[in-house]
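Trainee: Build the full structure now, drawing on both the sequences and the hints.
The lines below spell out each chain.
There are 2 protein chains.
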Amino acid sequence: MIGIVAACLTTFAFAPQVIKVMKDKNTKSLSLVMCFMQTLGIFLWLVHGIFIKDFALIFANSISFVMVAIILLYKIKYH
Amino acid sequence: MIGIVAACLTTFAFAPQVIKVMKDKNTKSLSLVMCFMQTLGIFLWLVHGIFIKDFALIFANSISFVMVAIILLYKIKYH
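First to last, the sequence lines map onto chains A and B.
Start counting the first sequence at 1; every next residue gets the next number (this note's numbering).
Start counting the second sequence at 80; every next residue gets the next number (this note's numbering).
Don't take every hint at face value.
Unchecked claim - Going by beta-carbon spacing under 10 Å, a handful of chain A positions derived as facing chain B:
1) Ile-2
2) Val-5
3) Ala-6
4) Pro-16
5) Asp-24
6) Ser-31
7) Gly-41
8) Leu-46
9) Ile-52
10) Asn-61
11) Ile-63
12) Leu-73
Calculated directly from the structure, the hints in this document are not laboratory data.
For clarity, every value in this text was computed on a predicted model and none was experimentally measured.
The beta-carbon is built from N, C-alpha and C at its ideal position, and this holds for glycine as well.
Mentor: So, in structure tokens, the structure goes:
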């Protein structure tokens with residue numbers, strides 16, 4: 001049960017950040033390197049999940065990937 | 080191998096953000112809700128890892144937990 005709650009929290013944690021960057025168009029205090037590492041890392045988790053055919057990994061990381069990719073794009077656009 | 084690279088990226092992705100908030104003392108564009116959800120989520124991953132005695136989960140999440148907790152404290156202090 002704790003693992004499921006942890007997975008939901010860390011998967012959906014990016015949602016409020018996506019809303020904030022879209023609303024404020026201000027990404028000054030976000031680290032570009034963190035955004036890039038998160039996007040690449042979560043993408044690799046997604047690939048790993050597909051390789052090992054783990055639905056939970058695929059599901060959670062495809063949601064997170066979309067959100068961190070949006071944050072990365074906003075960081076690049078509004079740096 | 081992809082899983083290990085993914086784990087390293089998502090674990091150490093917070094390091095550049097810790098450096099940036101410590102250097103700039105500016106957390107304006109960081110979402111407090113994201114910081115809180117990440118800190119709680121990663122803490123629960125750590126607890127989950129301890130329960131299932133998974134060294135990799137314990138190792139990765141204890142590192143991430145320290146970093147996201149620092150980011151959360153800076154966000155609260157310099158909001």
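Trainee: Determine for every hint whether it applies to the structure shown.
Mentor: We went through each hint and held it up to the structure:
no.: 1; hint: Ile-2; in the structure: 5 Å, holds
no.: 2; hint: Val-5; in the structure: 6 Å, holds
no.: 3; hint: Ala-6; in the structure: 4 Å, holds
no.: 4; hint: Pro-16; in the structure: 4 Å, holds
no.: 5; hint: Asp-24; in the structure: 6 Å, holds
no.: 6; hint: Ser-31; in the structure: 4 Å, holds
no.: 7; hint: Gly-41; in the structure: 3 Å, holds
no.: 8; hint: Leu-46; in the structure: 9 Å, holds
no.: 9; hint: Ile-52; in the structure: 8 Å, holds
no.: 10; hint: Asn-61; in the structure: 9 Å, holds
no.: 11; hint: Ile-63; in the structure: 14 Å, violated
no.: 12; hint: Leu-73; in the structure: 14 Å, violated
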